[in-house]
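Number of protein chains: 2
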Amino acid sequence: MERAIDIQLEDLKKMILLMGGHVEKSLAQVTAALLSRDVDMFNGVHDIEKLINEDHIRVDNACMHVLAKQGPVAKDLRLIISVLKINNDLERMGDQTVNISYSGKDYLGRKPIQQQLNDIQKMSEIAGRMVKGSLDSFVRGDVEQAKKILLMDDEIDALKGKVFQDAMAHMKAHSDDVEAGMDLILIARNLERLGDHATNIAEDVIFAVTGKDVRHGGKFG
Amino acid sequence: MERAIDIQLEDLKKMILLMGGHVEKSLAQVTAALLSRDVDMFNGVHDIEKLINEDHIRVDNACMHVLAKQGPVAKDLRLIISVLKINNDLERMGDQTVNISYSGKDYLGRKPIQQQLNDIQKMSEIAGRMVKGSLDSFVRGDVEQAKKILLMDDEIDALKGKVFQDAMAHMKAHSDDVEAGMDLILIARNLERLGDHATNIAEDVIFAVTGKDVRHGGKFG
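Chains as they are written, first to last, in our numbering: chain A, 6 to 226; chain B, 6 to 226.
These are computed hints drawn from the structure, not numbers from a lab.
If you're wondering where the values come from, they're calculated on a predicted model, not measured in any experiment.
Just so you know, not all the hints are guaranteed correct.
Copies of the same chain look alike in the list, so a pair counts if it works inside one copy or between any two.
List of simulated lysine-lysine pairs, DSS-like, C-alpha gap at most 25 Å [unchecked claim]:
no.	residue 1	residue 2
1	Lys90	Lys80
2	Lys74	Lys127
3	Lys55	Lys152
4	Lys116	Lys19
5	Lys137	Lys217
6	Lys18	Lys55
7	Lys167	Lys110
8	Lys30	Lys217
9	Lys55	Lys217
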């Protein structure tokens, strides 16, 4: 027989998935805007941001409600705490996509430099897979999948380092391109942060399922 | 007569204050390291980071314990949720000071440029006051003080914009200084983020005390 709290916990998971879908959409849209040089697509991100912000408040309220009504303990409590944290990370991811839209619009107003766009596109693809994968691991309580997300973060960090190095070398050689190079560096940094937030989610999944805290160098497995 | 939960909530507040003290110390140390060009001081930040990470896990566990044992509702529940969020923000602030130590060490290895250090020092001072003020408003449940923190964030954002502009102008004129300028830009960005986290804390205080959600453009007062 299903407990009342099980239905509420399933609802929380659905809300998180919906919110994650909005974050994925926002990331895909800013990336497409950057690659296709489309200012309108950048502007459209603010509509998605509103949805994410509404999700953010809705999830917090739903968690408060379950905590107050059910007084959950053990695994149920860990799940709700994880939802609160994941909610926070998803909202920050939304902020990062908005930051990308600002830097991206600045970038479109400048003399084009292209060298780093390929790596930025790769970073965005990895970040998108990390968002999707971390939430999938959350909904299915799949610790093995969550551990894979932690490894993907290394790829995105390496690409960020490459964009930084290449852009700075270009800026040294072409002083006219200092601003455009800076825009791309900031975008790479935003994408790296997006990956960090997905990593946080994966760590929360491991905690929710196993009760093990793998943050701050705690070892899993 | 005091309820058992009141003692536990007071303990949570004390833990947050202790953690906030560690964050303030870390910020002061990286700033002093930068201004006095002292690599050892940058390295010493990792000892403080360990304390902050321990605080982070300890506070989460204490919140889980109170939630599981007391099944708190209404204002007590809001306070605990706020502690969970503040805990998160303080930990991220600690990360920002560590990021500053990395960029700062890179910066010390380069030909010195000084132009932006004055503004960076001002940013650090404001960020430090924001950390202290936001936690003070939390412990005292002082909504008026929390609102003042929200205004201080504008000052720090303006200074960040100035550092960005000045550093980029310098980088355009002196291509040898592209890396050093970038280090200072990244440090300014880390300080801006520190201010953002203090703003989050102030918003959490307003929520904990009044039950009003002022995030995402919600109006207070």
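Within, between, both or neither: Lys167, Lys110 at alpha-carbon 25 Å: The answer is both: 22 Å in one copy and 20 Å across copies each meet 25 Å.
25 Å Cα threshold - placement of Lys217 relative to Lys137: within (22 Å within a copy, 32 Å between copies)
Alpha-carbon proximity between Lys116 and Lys19, which holds within one copy, between copies, both or neither at 25 Å: neither (44 Å within a copy, 54 Å between copies)
25 Å Cα threshold - placement of Lys152 relative to Lys55: This pair counts as between: shortest inter-copy Cα distance 23 Å, intra-copy 31 Å.
Up to 25 Å CA-CA - Lys217 versus Lys55, copy category: Only across copies: Lys55 and Lys217 sit 19 Å apart there, 34 Å inside one copy, limit 25 Å.
Within, between, both or neither: Lys30, Lys217 at alpha-carbon 25 Å: neither (32 Å within a copy, 29 Å between copies)
Within, between, both or neither, where Lys74 and Lys127 count as close if Cα-Cα is 25 Å or less: neither (45 Å within a copy, 47 Å between copies)
25 Å Cα threshold - placement of Lys55 relative to Lys18: Classified as within: same-chain Cα gap 20 Å, cross-chain 33 Å, threshold 25 Å.
Within, between, both or neither, where Lys90 and Lys80 count as close if Cα-Cα is 25 Å or less: Both: 15 Å inside a copy, 20 Å across copies.
Comparing the model with each numbered hint stated earlier shows that hints 2, 4, 8 do not hold.
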